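Given these sequences and hints, build the entire structure.
2 protein chains.
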Amino acid sequence: MNYNIDKAFEILEQTPQTLLSLLSNLSDEWIFCNEGKDTWSTFDIVGHLIHCENTDWIPRLNIILSNHEDKTFEPFDRFAQFENSKGKSLANLLEEFRQIRSENLEYLKLLDLSEKELNLKGVHPTFGTVSLKELLATWVTHDLGHIAQISRVMAKQYKNEVGPWTAFISILNT
Amino acid sequence: MNYNIDKAFEILEQTPQTLLSLLSNLSDEWIFCNEGKDTWSTFDIVGHLIHCENTDWIPRLNIILSNHEDKTFEPFDRFAQFENSKGKSLANLLEEFRQIRSENLEYLKLLDLSEKELNLKGVHPTFGTVSLKELLATWVTHDLGHIAQISRVMAKQYKNEVGPWTAFISILNT
Chain S
154 MNYNIDKAFE ILEQTPQTLL SLLSNLSDEW IFCNEGKDTW STFDIVGHLI HCENTDWIPR
214 LNIILSNHED KTFEPFDRFA QFENSKGKSL ANLLEEFRQI RSENLEYLKL LDLSEKELNL
274 KGVHPTFGTV SLKELLATWV THDLGHIAQI SRVMAKQYKN EVGPWTAFIS ILNT
Chain X
154 MNYNIDKAFE ILEQTPQTLL SLLSNLSDEW IFCNEGKDTW STFDIVGHLI HCENTDWIPR
214 LNIILSNHED KTFEPFDRFA QFENSKGKSL ANLLEEFRQI RSENLEYLKL LDLSEKELNL
274 KGVHPTFGTV SLKELLATWV THDLGHIAQI SRVMAKQYKN EVGPWTAFIS ILNT
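Note that the protein sequences, when read in sequence, are chains S and X. The first sequence begins at 154 in our numbering and counts up by one. The second sequence begins at 154 in our numbering and counts up by one.
Note that these hints are calculated values from the structure, not bench results. These figures come from a predicted structure and were not determined experimentally. Some hints could be false.
Chain copies aren't distinguished; within one or between two, either way the pair holds.
[Unchecked claim] No farther apart than 25 Å at their CA atoms in a straight line, the calculated lysine to any residue pairs in the SDA-like style are these: (1) LYS190 with GLU248; (2) LYS274 with TYR156; (3) LYS312 with LEU285; (4) LYS190 with ASN215.
Below, the structure is given as structure tokens:
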């Protein structure tokens, strides 16, 4: 598939509700478990998604669309959620994500980006020149990647409970 | 985590709604794309989940709980959905899945399984003796594995659209 802003919206708009459906009413054991030392729990991942909404997708889009000479993005902080999520419940985070995602998509819609604008460039601090279209396509794959990650983190909690089925459930072996 | 029937229910009960949230209102391009020859689309995966409800979890549970001398499960047909889903829409399949899952969980609740029953054994046609508890734990990881698979199949459609971010979005490289 080629990137298409309407089709990308179909995914981006649904992610808050997907996370609500997947994660509402879960016991703390499901929410706070992870895959081992220095890996993220579901709670950490939702906090990370919020931080992306606040500092990544739209702020970087704004840099690309700006008239600044230097269009280098701010480096992204992969650990910000550990501080920002303190004292909050998963329900708080899911609502915060729903709200900021909705605002960001509303903003993006109003921009009504042209193909020319989608091809404008910015500079990623690690790997250099990228286009606005690449940034926006990444937003979609990033959502889907973290939905898959959350599913994997939770599935792995039963890795020792499934007996010989371990070999058949490939997500347990990644 | 050790397998616990109440905590397992928390996941199993939500899967139909998670799939509805993730997949409703998507263009056909998202629904029917796959990862290449002999791989499954989202449409195929939802059909497979229905076939599991009909022929795997509860039928195998019933074999384990039965008084039959031979408790060998019927081999599972991994390709049944290609025939069974013909002529149906994804919305049809999602509703069919919601209904059969609801019936199966209701049945399981009414059984009110004891720890002793959870440790009863059946025979898997490929890898031999398994316990009811292992079968039921596998049901949970199987749901989560296919939610992750659906996310991955859709994410990969933008693999060539994200430019250098490919390296950062690990789901695109699995």
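So, going through the hints one by one against the coordinates:
| no. | hint | result |
| --- | --- | --- |
| 1 | LYS190 with GLU248 | neither (28 Å within a copy, 40 Å between copies) |
| 2 | LYS274 with TYR156 | within (16 Å within a copy, 50 Å between copies) |
| 3 | LYS312 with LEU285 | between (40 Å within a copy, 15 Å between copies) |
| 4 | LYS190 with ASN215 | neither (36 Å within a copy, 40 Å between copies) |
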